[in-house]
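Using my numbering, the letters of the sequence shown map in sequence onto residues 10 to 158.
Since the hints were derived computationally from the structure, they do not count as laboratory data.
Owing to the predicted nature of the structure, the values given are computational and were not obtained by experimental measurement.
Take every hint as true, because none was put in to throw you off.
Heads up, simulated DSS-like pairs for lysine-lysine below, C-alpha to C-alpha not over 30 Å straight-line:
1) Lys-118 / Lys-54
2) Lys-54 / Lys-145
3) Lys-55 / Lys-145
4) Lys-47 / Lys-118
5) Lys-55 / Lys-118
Just the calculated beta-carbon pair ranges, DEER-fashion:
6) Thr-66 / Thr-144: 20 to 28 Å
7) Arg-64 / Thr-144: 20 to 28 Å
8) Asn-63 / Pro-134: 32 to 40 Å
9) Pro-19 / Thr-144: 16 to 24 Å
10) Lys-145 / Arg-64: 22 to 30 Å
Virtual Cβ for every residue (Gly too), placed ideally from N, Cα, C.
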Amino acid sequence: MWEFTSGIPPFNDRAHDHHLILSVCEGERPEIIENTPKCYIDLMKKCWDSNPSNRPTITMLENIVSEWSRCINEYEHYKRNRDGNYVYNISNIDNQLKNDMLEFVEANKALVQEQANTSIIQSHPQAYYTSRNVTKEIEKSKNVNEIFV
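Construct the complete structure from the given sequences, taking the supplied hints into account.
Encoded structure:
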């Protein structure tokens, strides 16, 4: 989820080694990107919960994101008022969902502008984006005993 808000994979500037594995296990997460909608941050943080049984299932994620997408697509009848802000003309959804949709529209504009101003970011040479057995990565460390002490 974080990659959708940043445009780059998480921790792409670091080696994907036992140090990163342990840091993530100890609670390290990527920094939240500015202008990310609060409802999205809340859902992303649930996905980051250290206890897997507290995380939403893929079905739950699909339902939540589909609802956001449906509302944005179905009710994308917004216009700018005199202050330059968007105003939604939506009658049959609650105020919180209206506010969430507005946050998504504004965040998307900011992300598109930011990505247009950003050059291509080079990944760390030891950043991997395929599945690997992390146990083997930890075992490769010279100081396995120090890691677990």
